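Undergrad: Use the sequences and the hints to build the structure in full.
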Amino acid sequence: MKYFPLLWATLWRKKARTIFTLCVIVIAFLLFGMLQGVNSAFNQAVERANVNRLVTTSSIALTENLPYADMTQIEALPGVARVSHATWFGAYYQDPKNFVFSFPVEPEREFSVFPELKLPKEQLDAFIHTRTGAVIGADLARKYGWKIGDRVPLHSTIWTKPDNTSDWTFDVVGIYENPDDRSQESAFFFNYSYFDEARAFGKGKIGWYTVQVKDPTQSAQVAIAVDKLFANSPDETKTETEKEFQQAFLKQIGDINLIVTYILIGVFFALLFATGNTMMQSVRERIPELAVLKTLGFSDTGMLALVLSESILLCVLAAFLGLFAAWMMFPALKDYLGVVKMPTQVIVEGIVVALLLAFITGIFPAWRAKRLDIVEALRG
Amino acid sequence: MFKQTTAITAMNLRAIPQRLGTSWVIVIGIAVTVAVLVSVLAMAQGFKKTLASTGRPDRAIVLRGGSNAELSSTLSRENTLTIMDATGVKKDADGKPLASAEMVAVVALQQRKTGTAANVTLRGVGPKAFELRPEIHLVAGRMFQPAVRELIVGKSAVAQFKGTEIGSRIAFRDSEWTVVGEFESNGDAHESELMGDIETVLSAFRRNLFQSVTVLLDSPEAFNAFKDKLTTDPTLTVDVKREAEYYAEQSKQVSKLLNFLAYFVGGFMAIGAIFGALNTMYSAVSARSLEIATLRAIGFGAGAVVVSVFVEALLLSLIGGTIGAGVAWLVFNGNTVNTLGSNFTQVVFHLTVTPGLLLGAIFWACVIGVVGGLFPAIRAARLPVATALRAA
Amino acid sequence: MSAIVSLHNVVKTYTRGKQTVEVLHNLSIEIAQGDFVALMGPSGSGKTTLLNLIGGLDRPSKGEVNVAGERIDQLSSGQLAKWRARHVGFVFQFYNLMPMLSAERNVELPLLLTNLSSARRKQNVQAALAVVGLAERAKHKPAELSGGQAQRVAIARALVADPTLLVCDEPTGDLDRTTADEILHLLQMLNKDHGKTIVMVTHDPKAAEFASHQLHLDKGQLVEGSVHA
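Residue numbers (my numbering), protein chains in the order written: chain H, 1 to 380; chain R, 1001 to 1392; chain B, 2001 to 2229.
One should not assume that every hint holds.
Computed list of lysine to any residue pairs in SDA-like fashion (alpha-carbon distance at most 25 Å, straight line) [as the list claims (entries may be wrong)]:
(1) H/251 <-> H/193
(2) R/1241 <-> H/262
(3) H/370 <-> B/2115
(4) H/161 <-> R/1106
(5) H/370 <-> B/2074
(6) H/97 <-> R/1065
(7) H/97 <-> R/1227
(8) R/1252 <-> H/250
(9) B/2062 <-> H/372
(10) H/205 <-> R/1065
(11) H/251 <-> R/1227
(12) H/370 <-> B/2061
(13) R/1241 <-> R/1186
(14) H/97 <-> R/1052
(15) R/1241 <-> R/1136
(16) H/205 <-> R/1172
(17) H/334 <-> R/1009
(18) R/1241 <-> R/1092
Beta-carbon label-pair distances, calculated as ranges [claimed, not checked]:
(19) H/48 <-> B/2139: 49 to 57 Å
(20) R/1095 <-> H/233: 43 to 51 Å
(21) B/2122 <-> H/320: 54 to 62 Å
(22) B/2122 <-> H/143: 52 to 60 Å
(23) R/1301 <-> B/2139: 39 to 47 Å
(24) H/224 <-> R/1218: 54 to 62 Å
(25) R/1017 <-> B/2006: 50 to 58 Å
(26) H/3 <-> B/2028: 36 to 44 Å
(27) R/1208 <-> H/251: 28 to 36 Å
No lab work stands behind these hints, which were simulated from the structure alone. For clarity, every value in this text was computed on a predicted model and none was experimentally measured. Cβ coordinates follow ideal geometry from the N, Cα and C atoms, glycine included.
TA: Below, the structure is given as structure tokens:
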């Protein structure tokens, strides 16, 4: 620590150069934070997926509906604890831009299969007993300023009523929270019984089942058993763990991971040049000073450590600033990507990358300082 | 003035090899920025082109009112007949309307590259579908027969999905379909689809509702009359859109995301590159302060010094921009990428590096160079001659 | 008085490209503890080379170098660095201060290599600056000091770790007469009042007069009878 004033002063020896280099590194880490943040936020959704839940969809595609009657059969299978179901309602509020992730569900089933969704008991009771009742996520409630007691009209792009209209009105009776993952607080649940009665077509069909298994180690067997139940029927199913389901879904959008990796490789390639050049220049200019330090008794290894620490100080300081900026800016991405918070793990990754960068760009100048011949250097 | 400028510039440029390390910072920084910008924009461009070329100004698509995409739309058989008979729809020699009532189903197939399943559109088309869309033509095999479970597959779909070659059998809904033909469609969105006879597909999926009607109009101008006719018909609740407009809407989300990515990432990288350029040019000026001061002492003007610094910055960024654009063009042009398009299914598109994109990128590279060279140039001009001479 | 510096049959050769130049030929000298020696000679005579050998910056090609009771020609470069930190304080012609550090930070540098606490370091720095008469300029950067002041800071830096030996290479070479004399008086004071052994290279006969002995070098050899009392 006693060397810090020396390091700090050395770093700012040429203010303009240090500031510019710092800015370049800050921006690189800002991009790292944002891109890697998005990437791992998506991955986190996969990681968070519950291991004791299976998703059963039509084997043709996610968009094909399944008979409601399948539920009792699935629930009767050994190893199955509880089954819930949902259907894609495809609705918006007032304007097609205001898309609302809305699903008709059976209240009791939904909230027991998804225990991470926290809903006060009396609100669940109200949901069960109100035909047009709806329970919404806390984030969604904030977004539109909806509160319990509000009447909310949604326009479904899929489901019509017999009168050929697509406008459905609901009464908000509860607001749920998901303390584990705040990004999952934007759903709009309403009663399946109301939906099934009122829809003009497709009655008796639901979108997908979520199957809670008693023992997570039995997931694979249960999944096979479910699919076997409906093999060779008109509505064959495909059952996979929640995790596999999420992964497959993300893969459809495209290989985000790959694109992010490509961009970051480019960014850091350029960064290596910028930072490496600064370190090289800085050492080159300071040859006489470094020689003086050596005459004062600084050892060869000490010189190596000194220059490397300078590089580390520069890179880690800038990385911190960049990652902090990314962390501050991250919520702005919500509209594009639906992710709310930058995963903290990205900061750790960023610092590791910064250390690596510091080492790669610092090692050659540091080596030069170590090998510096005092007599030669003092002669100028 | 001109002579002076040339003299100093030549001196500066000759010094570049001595400061190769520093000069590389500008070149590499700008090259990477430009390469990323060009490739992401090429993606956006390719995506837009694929969906935009799917539309023709004299074709219109009709969906149930309020449904955003074919997948969420439903139309009864009765409605489809009303729509096809409306004024403005072009008739063939036999007086039949050139229109196709269609349904789309989403089916999951295994991708060749990853082995994971992805959604693909199965489109049931009416008998007039191919007169309606003359851009679709078979490149291998034959057309499907009505009332038989046969399919033709788009070229991009064949490339993306396993088991879609001619002669393959694809099983969905307790039924098996045979691929009998492969088609091209000018690289538009339909090339990522499977197509079969509408009645056969409806019955296999046990449906009786259609999802869209696509019609060929007498002329692009006939659209408004056609639209008015349908929207005022009390038996119908439909949305009528020009095909181009419909596909543009479908691609809006992805385009928005790609553009955002390009301008957000590209913008920040450009700022980073500017700082890199500033660094290089400042150190170029300070390394040469003695030379500059000497020239000023002899009587060279400040203007000549400013211009010479600018020229150096511009030249370096031009090199960087050209390398970046060149790499993006060589590596990415024509690459195929797939993502979710309309109807929640895969659409394949080609990265398209257009000349405009390349020129734009190089232009921005020069802007970075100019901004990065500005302050150092001013500093070079303001360098107090006496101090600089003494310091050396 | 015992010899603090003793060189025995020292040869130093340099290779410049393909040429080998012998700078010192079989040189033997002794410098007693508490002495103030001026090394004189025309340029190229090998005085700086000799000084570098005494200060442990360089090693002889042949011969023995004994300084502060240690055969420093046999030390590794790492041992030599430690040895320098303990025994030698350097003063250069162009001061060689770190431009970005304040005077007190410059003086503190050698102490960073010791185990002294931050408070003790501060104390020693103040004391060293007081000795050279610059206590009130502690916070100034080298650029804000005059040449004489900068050289005083450099001397304070050389003193602060209480070395056995002060090694000065043309310490007044960049200074005007008056300032030079001030610096030389300071060195003389350090020699007399603080008992510091000083070896100073100079080409200025006036500067050499401040020393208690003069050694004349020419073409890598001691000029006979050059030791003045």
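Undergrad: Compare the structure with each hint and give your call.
TA: Hint check:
This hinted pair does not check out: residue 251 of chain H and residue 193 of chain H have alpha carbons roughly 34 Å apart, beyond 25 Å. A C-alpha spacing of about 38 Å is found between residue 1241 of chain R and residue 262 of chain H, which places the hinted pair above 25 Å, so the restraint is violated. With a C-alpha separation of about 23 Å, the suggested pair residue 370 of chain H and residue 2115 of chain B falls inside the 25 Å cut-off, and the hint holds. The straight-line distance between the Cα atoms of residue 161 of chain H and residue 1106 of chain R is roughly 24 Å, inside the 25 Å bound, and the hint therefore holds.
Proposed proximity of residue 370 of chain H and residue 2074 of chain B is supported: the alpha carbons are some 20 Å apart, at most 25 Å. Using a Cα cut-off of 25 Å, the hinted pair residue 97 of chain H and residue 1065 of chain R holds, with the two alpha carbons roughly 16 Å apart. Restraint check: the Cα-Cα separation between residue 97 of chain H and residue 1227 of chain R comes to about 24 Å, which is no more than 25 Å; the hinted pair holds. The suggested pairing of residue 1252 of chain R with residue 250 of chain H holds, with an alpha-carbon distance near 19 Å, which does not exceed 25 Å.
Taken as a hint, the residue 2062 of chain B and residue 372 of chain H pair is honoured in the structure, with Cα atoms around 23 Å apart against an allowance of 25 Å. Note on residue 205 of chain H and residue 1065 of chain R: the hinted pairing holds, with a Cα-Cα distance of about 23 Å set against a maximum of 25 Å. For the proposed pair residue 251 of chain H and residue 1227 of chain R, the alpha carbon gap of about 39 Å is over 25 Å, so the pair is violated. As the CA atoms of residue 370 of chain H and residue 2061 of chain B are separated by approximately 22 Å, the hinted pair is consistent with the 25 Å bound.
Restraint check for residue 1241 of chain R and residue 1186 of chain R: satisfied, since their Cα atoms lie roughly 21 Å apart, inside the 25 Å limit. Distance restraint check for residue 97 of chain H and residue 1052 of chain R: the Cα-Cα separation of roughly 21 Å lies within the 25 Å cut-off, and the hinted pair is therefore satisfied. Distance restraint check for residue 1241 of chain R and residue 1136 of chain R: the Cα-Cα separation of roughly 21 Å lies within the 25 Å cut-off, and the hinted pair is therefore satisfied. Only pairs whose Cα atoms come within 25 Å are accepted, and residue 205 of chain H paired with residue 1172 of chain R is accepted, the gap being roughly 18 Å.
With a C-alpha separation of about 49 Å, the suggested pair residue 334 of chain H and residue 1009 of chain R falls outside the 25 Å cut-off, and the hint is violated. Among the hinted pairs, residue 1241 of chain R with residue 1092 of chain R is consistent with the structure: their alpha-carbon atoms are about 22 Å apart, no more than 25 Å. At roughly 56 Å, the beta-carbon separation of residue 48 of chain H and residue 2139 of chain B lies within the given 49 to 57 Å, and the hint holds. In this structure the hint that residue 1095 of chain R and residue 233 of chain H lie 43 to 51 Å apart at CB holds, the actual value being about 45 Å.
A hinted range of 54 to 62 Å for the beta carbons of residue 2122 of chain B and residue 320 of chain H is inconsistent with their spacing of about 30 Å. For residue 2122 of chain B paired with residue 143 of chain H, a C-beta distance near 59 Å keeps the hint of 52 to 60 Å intact. One distance hint, 39 to 47 Å for the beta-carbon pair residue 1301 of chain R and residue 2139 of chain B, holds here, with the actual separation near 42 Å. Look at residue 224 of chain H against residue 1218 of chain R: about 57 Å separates their beta carbons, and that is inside 54 to 62 Å.
A hinted range of 50 to 58 Å for the beta carbons of residue 1017 of chain R and residue 2006 of chain B is consistent with their spacing of about 52 Å. Restraint check, residue 3 of chain H to residue 2028 of chain B: a C-beta distance of roughly 41 Å satisfies the suggested window 36 to 44 Å. Against the hinted window of 28 to 36 Å, the Cβ-Cβ separation of residue 1208 of chain R and residue 251 of chain H comes to about 34 Å, which satisfies the hint.
Checked against the numbered hints above, the structure violates hints 1, 2, 11, 17 and 21; every other hint is satisfied.
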